[in-house]
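> Model the full assembly from the supplied sequences, consistent with the hints where possible.
Chains as they are written, first to last, in numbering that gives the first Met the number 0: chain A, 0 to 439; chain B, 0 to 439.
Quick caveat, the hints were computed from the structure, so don't treat them as lab data.
Be careful, since some hints might not be right.
Just so you know, same-sequence chains aren't split out, so a pair can sit in one copy or run between any two.
[Said to hold, decoys possible] For lysine-lysine, the following BS3-like pairs were computed, each having C-alpha atoms within a straight-line distance of at most 25 Å:
(1) LYS152 - LYS4
(2) LYS152 - LYS56
(3) LYS438 - LYS270
(4) LYS4 - LYS56
(5) LYS270 - LYS174
Protein chains: 2
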Amino acid sequence: MEPLKLGLAGLGTVGGGVLELIAHNGEALAGRCGRALVVTGVSARDRAKPRTVDVSKLEWFDDPVALARSPSIDVLVELIGGAEGSARAAVEAALDAGKSVVTANKALLAEHGTQLARRAEAKGVSLNFEAAVAGGIPIVKTLRESLAGNQVKRVFGILNGTCNYILTRMQNEGKGFAEVLADAQAAGYAEADPSFDVDGHDTAHKLSILTSLAFGTEISTDTTPLEGIRTITPADIKAADELGYRIKLLGVALRTDGGIEQRVHPTMLPKNSAIAQVDGVLNCVAVDSDFAGEIMLVGPGAGARATASSVVSDLMDIATGTSRPTFRLPVASVEPHIRAPIRAHEGGYYIRLSVYDRTGAFAAIASRMAEQGISLESIVQKHPRAGLPGSGRPSRIDEPTPVVMITHETTEAAIRQALEAIEADGHVHEKPQMIRIEKL
Amino acid sequence: MEPLKLGLAGLGTVGGGVLELIAHNGEALAGRCGRALVVTGVSARDRAKPRTVDVSKLEWFDDPVALARSPSIDVLVELIGGAEGSARAAVEAALDAGKSVVTANKALLAEHGTQLARRAEAKGVSLNFEAAVAGGIPIVKTLRESLAGNQVKRVFGILNGTCNYILTRMQNEGKGFAEVLADAQAAGYAEADPSFDVDGHDTAHKLSILTSLAFGTEISTDTTPLEGIRTITPADIKAADELGYRIKLLGVALRTDGGIEQRVHPTMLPKNSAIAQVDGVLNCVAVDSDFAGEIMLVGPGAGARATASSVVSDLMDIATGTSRPTFRLPVASVEPHIRAPIRAHEGGYYIRLSVYDRTGAFAAIASRMAEQGISLESIVQKHPRAGLPGSGRPSRIDEPTPVVMITHETTEAAIRQALEAIEADGHVHEKPQMIRIEKL
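In structure tokens, the structure reads:
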């Protein structure tokens with residue numbers, strides 16, 4: 000069979016990984032898919048830049064859109080990045096020219112996934128993006144193909160290696176967020192401007208793609224409730240540990256009667272669960288579905304080589320004629336994304352309060368919880384030298400005492416009202432900490 | 000597009016699950032693959048047997064071979080089981096008649112996989128078997144497709160739910176093997192004759208299929224070194240826990256310079272690893288490969304619904320024309336399976352000895368280890384009331400003292416020679432316990 004001719008737009012880390020993989024394993028993979036993968040054209044910003052793989056023999060394009068339209072390529076591999084600009088232009092040009100596209104660009108998919116899928120479908124070509132979510136983990140194929148006979152109930156995962164690395168080190172070393180972030184930046188595990196990662200935006204992009212694949216709904220990122228990991232303190236990690244939990248930043252999407260609940264936030268997970276042991280820069284994705292039950296995939300969420308593995312998997316699907324609807328369903332069947340309000344979320348909560356040691360303080364807090372119908376599974380008062388605040392034992396007035404509570408299942412609306420009332424009562428020294436417990 | 004017409008041979012647990020899935024999710028999956036799946040013919044031993052799904056409207060075949068050859072079906076779904084007899088005859092008949100086959104039959108594949116793949120290839124049809132290994136976990140697709148760009152270094156996993164259930168309960172409850180086995184039998188988690196599971200044969204079948212997919216070698220089961228879980232004692236589980244390990248029955252295959260090392264045995268795994276938390280009847284499979292790094296998949300390893308999910312995934316691949324070589328490579332390119340001798344295995348070991356408390360006993364043991372160049376990472380003497388055996392502290396003569404050692408990396412040949420010499424010296428009360436440590 001004719002080789003599959005590839006045009007590579009973007010020669011950064013992942014582009015280099017793809018060239019390296021094809022150079023290294025090209026013969027073996029041609030044997031497996033009955034067809035060679037050959038890079039014939041490349042495009043990048045700076046032709047003169049020194050690269051680890053020699054591209055001087057390949058056709059060079061200054062303009063990725065020209066590469067996308069070139070008759071010398073069958074497939075565009077878009078590794079430029081970014082939701083707009085030349086990445087978007089090149090992908091649209093390739094699809095409109097009837098060429099399949101492989102991309103690792105989560106921002107592009109999160110912003111324009113549905114219309115790009117429509118273009119691909121109109122031309123009968125593939126838009127593959129295994130590398131866009133969780134790097135080397137084959138979650139897109141698992142949702143599109145392996146679980147295609149199932150109705151998905153929930154999809155969730157650790158989708159950002161930077162956050163997981165930071166939380167793991169906070170856990171292991173007892174250090175604070177700022178200190179570990181600085182270390183992570185020095186080690187190259189976090190960007191100079193870390194907010195895209197640590198505030199949860201990256202997780203939200205990936206989650207929006209997973210949601211669409213899992214539930215057959217249009218991609219929607221804009222209004223995902225988003226909490227990052229900056230507010231997690233060593234006190235939270237220590238209290239979680241004592242109560243049998245680990246804290247992980249999760250992206251979670253589930254189908255409820257009120258729509259799709261899609262949220263990104265730090266989460267308490269039982270520490271004897273497999274997901275709680277997914278540490279460091281590793282990612283994982285779990286899928287609950289009606290027949291397959293709960294499947295979890297763990298692996299490297301980033302890195303040139305792991306990402307290249309996913310890009311090449313997508314290319315081999317195109318080489319062998321494997322094709323499924325981009326987001327699991329033809330675009331005409333994709334449903335609008337109806338968002339369930341976060342206030343309707345049901346679950347248990349971890350609450351950490353910093354309570355002034357005054358008579359009646361704790362009684363006031365307890366009655367605020369009771370007013371909302373919230374019952375407590377456990378309560379821990381972390382002040383070693385005294386009883387519960389307000390219990391009458393001697394203690395210095397106005398030195399706040401940490402109190403940690405785990406609630407039974409309740410609603411987000413109830414917990415928010417209770418915490419607002421507690422704050423308004425003035426018995427707490429700082430904004431209450433609230434971390435959702437994810438039921439496994 | 001025309002519906003894909005299915006002939007279902009075998010209406011047991013999994014067959015019932017497949018009928019139920021298609022009844023429940025048939026419309027959704029037709030939307031996803033552009034084609035309906037319709038069961039048109041069935042075959043089972045007893046037509047009169049009451050079933051949960053009504054099959055009275057379907058064409059009945061007393062002989063599964065007649066079903067396989069019937070022009071009324073496009074694909075044979077073989078759920079009879081067993082390496083020979085009607086399962087084999089029906090699969091061969093279907094392939095020879097140019098029909099694709101989906102099977103959950105690991106014994107059939109382990110014994111006859113290569114020749115069946117040759118028949119499928121000759122007719123240009125698919126032989127799919129996602130359900131044959133690890134139930135609902137999509138490991139076959141992951142190896143065949145997602146990791147197709149990689150060279151696999153090692154594949155390993157918890158492949159038998161019965162063993163994992165028993166070991167998990169021994170761990171959690173401190174009970175012995177026999178007691179937990181009896182409970183498991185009563186609860187339906189273990190067969191009346193448990194040896195196929197607890198002695199490792201089932202794991203070996205599944206492992207042989209994984210090995211072939213991972214390394215492109217012919218399937219070979221016969222001479223896999225096999226150790227089951229009957230010899231694991233509460234003392235081992237307790238000692239492992241204190242040393243930071245969990246004991247799991249693993250199937251492991253890796254490529255070495257001397258060939259494929261393929262083995263099934265209880266294994267020590269660090270207890271803070273994700274795989275160590277895969278408990279109960281869950282299965283998992285991990286794959287180390289050159290670009291994707293280490294990927295792990297966790298999920299239900301058995302059960303009607305999870306297995307049906309995998310069968311339907313295979314069917315949807317056939318419905319959409321997705322096709323890859325049966326064992327990742329065309330049969331002509333599959334290499335012979337050259338087995339690395341287990342004595343060449345390199346790794347750390349857990350050793351538990353029951354040592355008579357005599358002067359010189361421990362010195363003799365230590366020198367037997369030293370003779371083989373084995374160094375110790377740690378040593379624990381589990382007798383609370385005394386020092387190391389032979390250390391001169393008072394103790395009742397001939398009451399054996401448990402001694403647990405963890406070795407640094409050594410070879411299987413060295414450890415076996417050392418243990419044989421220790422046994423021959425007569426200082427130990429029973430055959431030494433030896434459990435391999437798997438490096439993660």
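> Does each hint fit the structure? Answer for all of them.
Results for each hint:
1. LYS152 - LYS4: Classified as neither: same-chain Cα gap 39 Å, cross-chain 29 Å, threshold 25 Å.
2. LYS152 - LYS56: Neither: 50 Å inside a copy, 32 Å across copies.
3. LYS438 - LYS270: both (12 Å within a copy, 22 Å between copies)
4. LYS4 - LYS56: Classified as within; 14 Å inside a copy, 50 Å across copies.
5. LYS270 - LYS174: both (19 Å within a copy, 23 Å between copies)
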